[in-house]
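Okay, here's what each chain looks like letter by letter:
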Amino acid sequence: MSILSNKSEKIFIYLFFAIGLFIPLFLEGNTFFINKFSTIIILAIFVMSLDYLVGRTGLITLGHAMFYGLGGYIFTILAPEYEAVNFWVYTFYVMLISGFIALIVGLIVLRTSGIYMIMITLALAQMSFYFFADSIEYGGQDGLFVYIKPETSIFGLNFLDLENETHFYYLCLLSLFNCFVFFKIIMNSSFGRVIDALKENPDRATALGYNIFHFRLIAYVLASSLAAYAGYLFALQFGFVNPSMMSWDVSATALVMALLGGLGTIYGAIIGSFVYEGLHYFIEHLTEYWMFFMGALIIALVLTLKNGMAGFLNTLSGGKRS
Amino acid sequence: MSQTILEAENLCKFWGGLKALNELNIQFKDKQLHSIVGPNGAGKSTLLNTLCGAYPATSGVILYHGKPITHLKGYEFCREGIGRSFQKTNIFHNATCLENCCIAAQQRIGGNFNLFRKRSKNRQITEIARKALQQVGLTARADTRATEVSYGEQRQLEIAMVLATSPKVLLLDEPMAGMGHEESQTIISLLKELKQQYCIVLVEHDMDAVFELSDLMTVMVDGQHLITDTVDNIRNNPLVQDAYLGNDDEVF
Numbered sequence: 011m012s013i014l015s016n017k018s019e020k021i022f023i024y025l026f027f028a029i030g031l032f033i034p035l036f037l038e039g040n041t042f043f044i045n046k047f048s049t050i051i052i053l054a055i056f057v058m059s060l061d062y063l064v065g066r067t068g069l070i071t072l073g074h075a076m077f078y079g080l081g082g083y084i085f086t087i088l089a090p091e092y093e094a095v096n097f098w099v100y101t102f103y104v105m106l107i108s109g110f111i112a113l114i115v116g117l118i119v120l121r122t123s124g125i126y127m128i129m130i131t132l133a134l135a136q137m138s139f140y141f142f143a144d145s146i147e148y149g150g151q152d153g154l155f156v157y158i159k160p161e162t163s164i165f166g167l168n169f170l171d172l173e174n175e176t177h178f179y180y181l182c183l184l185s186l187f188n189c190f191v192f193f194k195i196i197m198n199s200s201f202g203r204v205i206d207a208l209k210e211n212p213d214r215a216t217a218l219g220y221n222i223f224h225f226r227l228i229a230y231v232l233a234s235s236l237a238a239y240a241g242y243l244f245a246l247q248f249g250f251v252n253p254s255m256m257s258w259d260v261s262a263t264a265l266v267m268a269l270l271g272g273l274g275t276i277y278g279a280i281i282g283s284f285v286y287e288g289l290h291y292f293i294e295h296l297t298e299y300w301m302f303f304m305g306a307l308i309i310a311l312v313l314t315l316k317n318g319m320a321g322f323l324n325t326l327s328g329g330k331r332s
Numbered sequence: 365m366s367q368t369i370l371e372a373e374n375l376c377k378f379w380g381g382l383k384a385l386n387e388l389n390i391q392f393k394d395k396q397l398h399s400i401v402g403p404n405g406a407g408k409s410t411l412l413n414t415l416c417g418a419y420p421a422t423s424g425v426i427l428y429h430g431k432p433i434t435h436l437k438g439y440e441f442c443r444e445g446i447g448r449s450f451q452k453t454n455i456f457h458n459a460t461c462l463e464n465c466c467i468a469a470q471q472r473i474g475g476n477f478n479l480f481r482k483r484s485k486n487r488q489i490t491e492i493a494r495k496a497l498q499q500v501g502l503t504a505r506a507d508t509r510a511t512e513v514s515y516g517e518q519r520q521l522e523i524a525m526v527l528a529t530s531p532k533v534l535l536l537d538e539p540m541a542g543m544g545h546e547e548s549q550t551i552i553s554l555l556k557e558l559k560q561q562y563c564i565v566l567v568e569h570d571m572d573a574v575f576e577l578s579d580l581m582t583v584m585v586d587g588q589h590l591i592t593d594t595v596d597n598i599r600n601n602p603l604v605q606d607a608y609l610g611n612d613d614e615v616f
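Residue numbers (our numbering), protein chains in the order written: chain A, 11 to 332; chain B, 365 to 616.
Worth flagging that the hints you see were computed from the coordinates, not collected in a lab.
Every residue, glycine too, gets a C-beta built ideally from N, C-alpha and C.
Treat the hints loosely; a few may be bogus.
[Unchecked claim] Lysine to aspartate or glutamate pairs mimicking EDC-like chemistry, simulated, CA-CA at most 20 Å apart:
#1 A/K46 with A/E287
#2 B/K452 with A/E210
#3 B/K452 with A/D213
#4 B/K383 with B/E373
#5 B/K532 with B/E557
#6 B/K452 with B/E538
#7 B/K393 with B/E444
#8 B/K437 with A/D213
#9 B/K532 with B/E440
[To be verified] Reference listing, derived: stretches of chain A covered by chain B, where coverage requires no fewer than 3 residues with Cβ under 8 Å from a Cβ of chain B:
#10 200-206
#11 212-223
Put together the whole structure using the sequences plus the hints.
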């Protein structure tokens, strides 16, 4: 596949999705681990969208969790409470509405850049956090519940049962794969060329006649609606949404995962989320003070690995930096 | 006489109380190399930046083919055909030389908002980019990353990128800055060729090059237009000698 840019990426992607496809066979109904993997994969989609925004477009945001939360809320608010809706139709709705919200938000936040953009995205995300936390209609701090999961029939064919953990796992894996391919395609497109240019040197891109605001806005809308899609999957998996999905530490954690994986590498987002969550899981079982050790370990990893885990894999496989 | 392409009428650019450009009137003609000289702080770079839309003018009009373009946004100047190179090398260091020119060419050709078509599939863009590289003599470096080529070649690339935008007017801000003698010679012969096709506005400190290349010269002092004339007349003009080289009283 020519959309893969280097050897380490190729090896990782083939291995990851091959293992991902077969791992439920070995776990044989160990729903705890299947659920855990689904959660991490959903997180990886979220981190990937953030990685595109921060690493490829150069827009640093600390409010990406707003769209993660919105994705869940949009679905829960829209869908009738005691009726199974169609998954694909609601995927379309969730992404369309969150994309529209991202368009409005983008018009505001993209007027700024750098530290100002970090602050204004953080402020907006906190605003929506408190809006949902204080709203009686939307369940306040407790959030809302998803009583009935959507059905997934398409043209009368129904392959997936979302109540079934393994089926849900495969849906998440497929979503991650699609997101990855989608981001790789737009990175290699003509649009991606402009994005590369304006990330490296926005002034020169302007001097060459590009209105960089339009390009940033499109990238922002794309990444935000995919973040919302991840939030939608989260809501389906756990059967509830609450304001903590939008809390700023969700954005910050995702940023750490993206950094850990290798900023701007896209597939690094998958590595980052798995490594972070894996470490979290193991250290949590070893000690009560897991956050302390986790923090120390992440600092060490980020300092020693140039360009994250993806950069490390790239040096291992003997590639030059891309 | 060739026609006037770009024109500034009573152009002013003030930075607070500082008059960087003060009531400047100047005309640039097609297929001529018009250089702008003057002591440091005379407003040469400000003039270029205002002409290319990077700085909005405080007052006055910029006419392009007789049509006022002062109100346009910065990025729209390039679309009109006013290309500009930078004093400080301003390229995309991580991309190859060819890709640098492709970025420049794509603006004109289009497809900027095409999310799904592979960028390499657009042959037209690649062709324009290759031609631009060939014009400046960088064909051999097409697939080398811009950060890996020599400084002189980066300056050539800078010009190639402007050419790839298919401009009518080239605004060149010290293309020879920091170059050795031999590298300068490459640029000089390049500019000699280019001035047969384009209207070139050159700001340059290398006086030998300026005298060799220019059809017309303008001397600026303190944001004001002092004189515009041919090279020979400028050389012998006592006013210019006074302003630019300093009068004898200062030499002890």
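Hint check results:
| no. | hint | verdict |
| --- | --- | --- |
| 1 | A/K46 with A/E287 | holds, 9 Å |
| 2 | B/K452 with A/E210 | holds, 15 Å |
| 3 | B/K452 with A/D213 | holds, 12 Å |
| 4 | B/K383 with B/E373 | holds, 16 Å |
| 5 | B/K532 with B/E557 | holds, 15 Å |
| 6 | B/K452 with B/E538 | holds, 9 Å |
| 7 | B/K393 with B/E444 | holds, 16 Å |
| 8 | B/K437 with A/D213 | holds, 13 Å |
| 9 | B/K532 with B/E440 | holds, 14 Å |
| 10 | 200-206 | holds (count 6) |
| 11 | 212-223 | holds (count 10) |
In the structure shown, no violation is registered for any of the earlier numbered hints.
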